[in-house]
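Residue numbers (our numbering), protein chains in the order written: chain Z, 1 to 464; chain S, 1 to 485.
None of these hints come from the bench; they were simulated from the model. Hints are supplied without guarantee of correctness; some may be wrong.
To be verified - In the DSS-like style, the derived pairs of lysine-lysine whose C-alpha atoms are separated by at most 30 Å in a straight line are:
| id | chain 1 | residue 1 | chain 2 | residue 2 |
| --- | --- | --- | --- | --- |
| 1 | S | K465 | S | K138 |
| 2 | S | K272 | S | K126 |
| 3 | S | K227 | S | K113 |
| 4 | Z | K111 | S | K227 |
| 5 | S | K51 | Z | K111 |
| 6 | S | K126 | S | K138 |
| 7 | Z | K189 | S | K51 |
| 8 | S | K227 | S | K66 |
| 9 | S | K272 | S | K66 |
| 10 | S | K227 | Z | K112 |
| 11 | S | K51 | Z | K112 |
| 12 | S | K51 | Z | K57 |
| 13 | S | K113 | S | K138 |
| 14 | S | K330 | S | K126 |
| 15 | S | K51 | S | K272 |
| 16 | S | K467 | S | K327 |
| 17 | S | K327 | S | K72 |
| 18 | S | K227 | S | K51 |
As the list claims (entries may be wrong) - Okay, the calculated beta carbon distance ranges per label pair:
| id | chain 1 | residue 1 | chain 2 | residue 2 | range |
| --- | --- | --- | --- | --- | --- |
| 19 | S | W345 | Z | L56 | 56 to 66 Å |
| 20 | S | F21 | Z | L106 | 37 to 47 Å |
| 21 | S | T58 | Z | R194 | 13 to 23 Å |
| 22 | Z | E223 | S | R141 | 39 to 49 Å |
| 23 | S | F21 | Z | L56 | 31 to 41 Å |
| 24 | S | K304 | Z | H82 | 51 to 61 Å |
| 25 | S | W345 | Z | A299 | 37 to 47 Å |
| 26 | S | I407 | Z | H82 | 18 to 28 Å |
| 27 | S | I407 | Z | Q118 | 32 to 42 Å |
| 28 | S | V158 | Z | L106 | 51 to 61 Å |
| 29 | S | Y125 | Z | A439 | 20 to 30 Å |
| 30 | S | P139 | Z | V59 | 48 to 58 Å |
Backbone N, C-alpha and C fix where the C-beta goes; we use that ideal spot for every residue, glycine too.
So you can see what is in the structure, the chains are spelled out below.
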Amino acid sequence: MNFQPTRDRARRLGLRLFPRFLPSLFPSWFSDVMRRSQDRPQIVSQDFHGQSVVFLKAVLVMMAILATVWAMHRNVTSRWIHEVPPSLAVSCLMIQFVLALVGLVLSGSTKKRDQRRQRRAAHLLPLIRHHMAAYALQAQGDAELRRLHQRHSREFDVCLREFLNNASGQARHHLSQLAGNLGLVEDWKHLATRDHTARTEAIEALSLLSTDLGVPALEALIEHDSTLVRAAALKALVNVAGRENLPADRCKMDLPALFRATISSSLLVRVLLASDLRCHAHSLAQNGIPQLLLAERSAGPLLAALEMIECWRYGLPIESLHSLLHHSNPRIRAGALRLAPLESLHAGSNGAWTSQRQAVRSNTESLVPLVISGLLDSDVTVKAAALSAAAGLNVPSTLPLIEHCADTADQHLASLACLALATMGPPGRAILNSKIHGANARLAASAVESLASVQLANASAFQA
Amino acid sequence: MHYFSFIDYTAIDILVHRVYFFFESTIIFYVFAINLIYFLLTVIAFLALRKYHQPFTTAERELLMKSPLMPKISLIVPAYNEAATCRESVGGMLRLNYPNYDVVVINDGSKDKTLETLVSEFRLYKSSRVATGTLTTKPIRQIYESSDPVRLIVIDKVNGGKADAINVGLNVTTSPLVIVVDSDSLIERDALFTMVKPYLEDPDRVIAVGGTVRAVNDCDVEYGLVKQIRTSHSHIANFQSVEYLRAFFGGRVGFSLMNCLLIISGAFGLFKRDAVLEAGGFEHDTIGEDMELVVRMHHMWLDKNRDYRIVYTATPVCWTEVPQSLKILKRQRKRWQRGLFESLWRHREMFFNPRFGIVGMFAFPYFVIFEMLGPLVEMLGYLLTILGLMFRIIAPEIAILFFSVSIMFGIVLSISGVLLEEFTLARYPSWRHSVTLFISGVLENFGFRQLLTIWRVQGLIDAFKGKKGDWGAMERRGFNVVKKT
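With the hints as constraints, model all of the structure from the sequences given.
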């Protein structure tokens, strides 16, 4: 039987408990409440389970405290305070006071324990490292290490993760087996600690184990309720997928699947994985991204994919991008337009410098009509993206349109247009100079500011 | 002394006793209820902080620092007569760890040299930037800007109050996220990462995030950043440190978990700019504009049946100078109580209204019954006990019991706040500071708390009278700046 609390069930229960005469007394209020509760989006928080557990625990703690208060009132305080309210209050106070005292003692002892652990680690780590190195080199058996693990599991765990991170080949395989035999892999899989740093290290350690052990555990962690754990698991899987060519039967998630999982996740996951996925940008551009761009219907993942490609700053040959420039959603059109300058840079990895240059030029020419259509778009976001694309491509034929944008009433767009003109070399700067002497004071100021900022940027680049 | 023979004085006596004990019992149950709710919130806070308090690792922070995907943040800093501290605090704000942010200081017609100090210290030029937002504000005189990598924008405007200054900042900036910071506050170096974390985790639903505010008095400050955390030499400042810990860790974590957080401190809060513009910006007419905005956002979003989250996050810390003189403290507390009343009164429609879910049925009534009327009930309790003693309605032992119970409840709650800090964030490095805080947690209940109660009642009376607010300027001692070698 499914006992998962759902909004529907709660509502049904609420309706059953709701007195029948109330709707007739307050008809408008009742119908309003019901309509709103039905209209409300049925979104259950991602961490609904976790939050429920916290509340349940808190309620249990409170019930235990109240029961103790009641017991104390009945058996102790009511004997010398005969009034019920003060007796209850004094009982409650005494229990809380004891709890606060226990907390104080615990707080002090925790600080002491941490200090003791630090001292012990400084003494033990070199010893464990010594034995572990000998074991990795197969110069000694695991008896001593087992003994050390039994006595000092915390320090042992730290050392083994350190070694797995640095060892390779046979030594890593050997250490993986040791981790499996000592039950550490199980601890890592279940993330037995609340400390996020230790959790991340455990996930990294899982990715360093031989794939039979590590990959299934990592795949399970993708569903974890903590975003940071999910991100760490995805990151570890990306690293595994990049390092080893895994057969499909051993690894359910290949690189395109990981990319898809990333862009369907929250912004935090995307930010944390962007640089790891960037290492596989070229292979993803051939297999993964084009299919995704063509197949994806919802705007969220599409936008996330475009943002991700933009932040890679790679010239990638993605034909399917062109179809997105005619997408009905202006934000997607803008996202695709912002990629245009990067797309133009793709010139193939082979061939002489001159032929690569030629390729870039032809790419640029093919993109010009798209940028022009962007500049003529009615949406401001698309226009702004087209302005930055035009500046990046540096196409003189777009200059009149950019100048037109500079003359618009929208100040934000006008300043973007000025900046684009300032980056487009002498023809753009000439237009800006004419604006400086024009009648529009605000545009003149914007022109001066754009010229100065481009000059500053050039100077700092030259210095660098 | 029975003057009239036709009156049954025994019956009157019994009636008086009954009425008296009814009130006294009600007050004791009230104190009992508030104590239990606080304690439940503290337990929730403890469990939630242990579960959800996950600061970024060093590697993750480096990735965030390098990522162009991080959303742009504008720090909006309203300033009025802040020449003494603005150099240090704005300098600190420009040195934060975050890849994509700018600082927007709004000089709200200061009468001192705030603007001149900022322009000369940060070498600002007159900018062509214009306001693109839709909020109605007092006119802008001039916008200044720096050409540094982390841009500083200073807006000089006609005086219009703190809310108006923030609204001008919202109009000028184009960043999707804004953090409202007091100009006399110092932000921790990594605070923006932790502040933006709830938004990064759920960008579609999170519309506001509250951070933690702590007392900076007597901490060492270097280059606008808190270098050494310590308790103050002033007892009044330490009492407030404990009070802040109790308020932030005890209450807000629990409310945030239930998505019914009604207060995000005006000294340090992150908002989605679009959401604030949609809500109509900060309200000019109210003194507690920070709370009013958050309550209004709840009101509007629930009214439109939209899914949203307003959360509190414990890690990002903003250090602020708390008043060390009773005169300033009195003014501040009266203002806060007035702000609370105004915010709740404006949105009284939400009170025990099931249409507004847990906000209407729990958070709002909690704030009305316990936060707004709390001081009134506490004072009534003291008065009744004194009157009872004077007219010999109650025995002295009962009066002593009442006072000691009330004081001990306060002590337990203060210690719980300090303990929460010790078990979760543990910012105070030395055990000496922890002990000082514990002692302050005990001592504040002997006189200081009662004083606050009186001031809060006065604030409530001011609110009933309809007294209008001002900027609430505070005499600055300045930060404890470490000598630069």
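So which of those numbered hints doesn't the model satisfy? 14, 17, 19, 22
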